[in-house]
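Colleague: Top line first, the protein sequences correspond to chains A and B. Under the numbering used here, the first residue of the first sequence carries the number 79, and numbering increases by one thereafter. Under the numbering used here, the first residue of the second sequence carries the number 15, and numbering increases by one thereafter.
Hints were generated in silico from the structure; no laboratory data involved. The model shown is predicted, which means the values in this text are computed figures rather than measured ones. There's no promise every hint is true.
Unchecked claim - With a cut-off of at most 20 Å between alpha-carbon atoms, the simulated EDC-like pairs for lysine to aspartate or glutamate come out as follows: (1) K133/B to D173/A; (2) K133/B to E187/A; (3) K133/B to D430/A; (4) K139/A to D191/A; (5) K86/A to D350/A; (6) K415/A to E400/A; (7) K133/B to D219/A; (8) K133/B to E400/A; (9) K139/A to E103/A; (10) K415/A to D440/A; (11) K133/B to E355/A; (12) K133/B to E103/A; (13) K415/A to E63/B; (14) K505/A to D392/A; (15) K427/A to E511/A.
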Amino acid sequence: MHITLWPKGLIGRITAVILIAIVLEFIGSILLHDQVDTYTTREDHARRVAELLVVGERLLKEAPPEDRHIILQSLSTKHLTAQLSDRPSVKPTTDEKLNRLRTQIVAWEPSLDNNTLRLATAAPSERGKGQDLVGAMQMEDGHWLEFRSRDLFGRWPMLYRTVGTAAILAGGVLLAAAMLVHSLGAPLRALAEAADNVGHGETVTVLERGPRDLSQVARAFNAMQTRISRLIADRTQALAAVGHDLRTPLTRMRLRAGFMVDPENREAMEADICEMETMLDSVLAYLKGDSDNEPHRRIDLAALVSTLVDANADLGRDAIYEGPDHLVLETRPLAMKRAISNLIENGLKYGDRVRVGLDRADGEVRIRVEDDGPGIPEEELEHVTSPFFRLDEARGRDTGGLGLGLSIVCNVVEREGGRLRLSNLAKGGLCAEILLPMAERQSTMG
Amino acid sequence: MLADGPWASLPERSLRVLVVEDDPGLRVLLSRTLRENGFRPTTVPASREMWRAMRTAQFDLILLDIMLPGVNGLDLCRTIRTNSAVPIIMVSARGDEVDRVLGLELGADDYIAKPFSNKELLARIRAVLRRTASGPIENPAPRETMQFNDWTVDLRRRSLTSPDGAEVTLSGAEYDLLITFLDNAQRVIGRERLLELSRSRLADVSDRSIDVLVSRLRRKLSDQSGGEGLILTVRGAGYMFTADVERA
């Protein structure tokens, strides 16, 4: 239960803490306020009662009896009424609270100490809540000056008002606090968003703002990212340098192979060198990946695909292009060329003939490479695009290569916002499809 | 040492090739390959030696590695071009298109990527020599682009751009064929001559005919307005490129 009530987000939790704090403070202040308020109210009452008694006694003593009711009328207020009687309606009391009030009254007007002063509580004279304070004081002439103070001990209305005001205040404070906390959380959310974007290409920089510790986190995050990308860049660079440097000894080997007299040996040597070159190229292409800054260009994709197919056909391989003569698309031509030729070469590696189709449907350009090889076991289909993954052992066919071909295709295609779809053909063989998104205006087909 | 061997009778026999390459092993092998194929190679490891060699002798072709210690090949190429039209083939260890485009833009005549075979190297050298032997005399002004029917050929980048602004990929052989057509627009060119001109590109392939190449080029040049008519088949004679060609 508490798990569902306790918010999951940090902002939610901070807000909850603030809410609890405010509620506690609120309850505490009500209790405190209550006492203070009661005290000051009583004090006020005591003073007014004291004044009434002193002034009343003095005025009544000097005034002719027929004017007394006028004086009593003018002394009375809405809250405090005064009257004269011959016998007190109030009995002496030993109530602690009333005695304290009596002391307060006397403290205001010490002259009253000599008079007989009786205090009591009474049911309210009119509709209303709480209790009235009634009292009587014997004057020098033997009459009793009686008074009734309305609703002395009724503190609830006051309390309600206080509670109401405090509640509105607390609500406002809570709202403001929640908004502040929410804005404090912005750098945190930015950080989370940035962390989520790391590793998908460009470097993500988090703005180093917000509270000090959060901006420290942001700074640390940026620094970490820089270190990681530098580390990767260094390794990649080292590997690429080795790759490039290997080309020189490979050239030497090729030239030496050219001098070999025995044609069988020469051809074997040339085949080996060719394989090494292919591996080097695939590693370098793979390493290049996202760091490749090739710009987008408008190209005729049909011409690109057919050129690749023709090049294979010229080498005596069975490769056919089936598609339009022209299909204009904005893309990275070299990367796309690498991807498509990887698929064609894959097809020819595992099968004997390859058909390459090109068409356009549902706002996508589709490049379809079908071979007549053994296909890929269904359960392996999703793994074959992982780098260095090889099916060769399973298929009992030594094909060479590093298992980077499809990873490179995948990287290139995803970077273009497209996807690679692999499936087995019913008649046998693999069907690899590159699906590229296409804005309607940017493409024309002929 | 094999200068008087079986290749001695080739016309390239007396042609001098300057090889600028920092790898000693490769220098020896290149030197031997060239010599055995009838060239007179001189090898130097870096720019300083290159300038010295160029002061003492006249070369017919320079094989220039891009990755050199000190001044790199691309800068050297640019400097050489300021006062010499000697054919230059750039050699790069980075199978990088950027190097190729840069090299060609800086005035190199061709580009070859390591690791190349001796066959590939010799084919490129011969193609460049054949091209430059007649080129500069016929067209002394440097050409940069050629245009026909709103198509553009960028001679530096070796690229073809269609009327709607898309770059159209051409194979090396297709590009050479197109340039031959553009240079000989509105003239009938015989199959034999086209084969001869394209031989350096097609050397390794036996069963390829020029007709296949022409049909591929036709397909790439086709458009809605009937691009098929650009290259006419002249029965019994060869082909003719029909459009007007503008040079810039």
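Colleague: Compare the structure with each hint and give your call.
Modeller: For each hint, the structure was consulted:
Distance hint between K133/B and D173/A is unfulfilled; the C-alpha atoms sit about 124 Å from each other, more than 20 Å. Using a Cα cut-off of 20 Å, the hinted pair K133/B and E187/A is violated, with the two alpha carbons roughly 127 Å apart. Among the hinted pairs, K133/B with D430/A is inconsistent with the structure: their alpha-carbon atoms are about 28 Å apart, more than 20 Å. Proposed proximity of K139/A and D191/A is supported: the alpha carbons are some 18 Å apart, at most 20 Å.
With a C-alpha separation of about 60 Å, the suggested pair K86/A and D350/A falls outside the 20 Å cut-off, and the hint is violated. Between the alpha carbons of K415/A and E400/A the distance comes to roughly 17 Å, so the proposed pair stays at or under 20 Å and holds. Taking the CA atoms of K133/B and D219/A, the gap is about 145 Å. The hint is violated against a cut of 20 Å. Only pairs whose Cα atoms come within 20 Å are accepted, and K133/B paired with E400/A is rejected, the gap being roughly 33 Å.
Distance restraint check for K139/A and E103/A: the Cα-Cα separation of roughly 53 Å exceeds the 20 Å cut-off, and the hinted pair is therefore not satisfied. Straight-line distance between C-alpha atoms of K415/A and D440/A comes to about 23 Å, which puts the hinted pair past the 20 Å bound. Our distance criterion of 20 Å between C-alpha atoms is met by K133/B and E355/A, whose separation comes to about 17 Å. A C-alpha spacing of about 91 Å is found between K133/B and E103/A, which places the hinted pair above 20 Å, so the restraint is violated.
This hinted pair does not check out: K415/A and E63/B have alpha carbons roughly 39 Å apart, beyond 20 Å. This hinted pair does not check out: K505/A and D392/A have alpha carbons roughly 27 Å apart, beyond 20 Å. Taking the CA atoms of K427/A and E511/A, the gap is about 17 Å. The hint holds against a cut of 20 Å.
Violated hints, in rising order: 1, 2, 3, 5, 7, 8, 9, 10, 12, 13, 14; the structure is consistent with all others.
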